[in-house]
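Trainee: Produce the complete structure using the sequences and hints provided.
In case it helps, the working numbering puts the sequence shown at residues 1 to 129.
Note that these hints are calculated values from the structure, not bench results.
Even for Gly, the Cβ is constructed at its ideal location relative to N, Cα and C.
There may be inaccurate statements among the hints.
Ranges between beta-carbon positions, derived for each pair [stated by the list, open to error]:
| no. | residue 1 | residue 2 | range |
| --- | --- | --- | --- |
| 1 | P12 | P98 | 31 to 37 angstroms |
| 2 | R28 | T92 | 19 to 25 angstroms |
| 3 | R28 | Q95 | 24 to 30 angstroms |
| 4 | G108 | R65 | 18 to 24 angstroms |
| 5 | F76 | P30 | 16 to 22 angstroms |
| 6 | E117 | A68 | 20 to 26 angstroms |
| 7 | P102 | V58 | 33 to 39 angstroms |
| 8 | V111 | E78 | 20 to 26 angstroms |
| 9 | A120 | E21 | 14 to 20 angstroms |
| 10 | P12 | W112 | 19 to 25 angstroms |
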Amino acid sequence: MRPELGLIVQEPYATYIVSGEKTWEIRRYPTHIRGRIGIVSSRGWIGTVVLTEVRGPVPVEALRRQFARHRADPEFLEAYARGRPLYIWVFTDPQRFPEPIPIHRPRGPVVWIRLEEGIAERARGRGER
Numbered sequence: 001m002r003p004e005l006g007l008i009v010q011e012p013y014a015t016y017i018v019s020g021e022k023t024w025e026i027r028r029y030p031t032h033i034r035g036r037i038g039i040v041s042s043r044g045w046i047g048t049v050v051l052t053e054v055r056g057p058v059p060v061e062a063l064r065r066q067f068a069r070h071r072a073d074p075e076f077l078e079a080y081a082r083g084r085p086l087y088i089w090v091f092t093d094p095q096r097f098p099e100p101i102p103i104h105r106p107r108g109p110v111v112w113i114r115l116e117e118g119i120a121e122r123a124r125g126r127g128e129r
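Mentor: Structure representation (structure tokens):
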């Protein structure tokens, strides 16, 4: 079954996620979404993972000891947190596509996209990025 939603993640972290090297995504907020989701980067829709749980809020100090899971430098965590605790989005079962699927990514601070709509928009030639 194809996932409905895609999470937009910056590179190289998106590739780390779909290759299984990064199993925690650190965010400022929790999400109610669970199940298989797409991972979308600047290269397109690059794979899928299962979002199994959200932990937190977690202090930055606790995250510093878990670099192998989230791959974020301590300096980045401090700046990103802005003095607040963070949330851990836990991923399992990564599946990397052999080639990225071109997809339209809306401009602005968008976190989630509907994958089918993004593929259709790209096919119509809109929003090339």
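Trainee: Each of the hints needs a verdict: does it hold here or not?
Mentor: These are the hints, each one checked on the structure:
no. : hint                           : verdict
1   : P12 - P98: 31 to 37 angstroms  : 18 angstroms, violated
2   : R28 - T92: 19 to 25 angstroms  : 22 angstroms, holds
3   : R28 - Q95: 24 to 30 angstroms  : 27 angstroms, holds
4   : G108 - R65: 18 to 24 angstroms : 34 angstroms, violated
5   : F76 - P30: 16 to 22 angstroms  : 20 angstroms, holds
6   : E117 - A68: 20 to 26 angstroms : 35 angstroms, violated
7   : P102 - V58: 33 to 39 angstroms : 35 angstroms, holds
8   : V111 - E78: 20 to 26 angstroms : 21 angstroms, holds
9   : A120 - E21: 14 to 20 angstroms : 31 angstroms, violated
10  : P12 - W112: 19 to 25 angstroms : 21 angstroms, holds
In summary, the structure is inconsistent with hints 1, 4, 6, 9 from the numbered list given earlier, while agreeing with the others.
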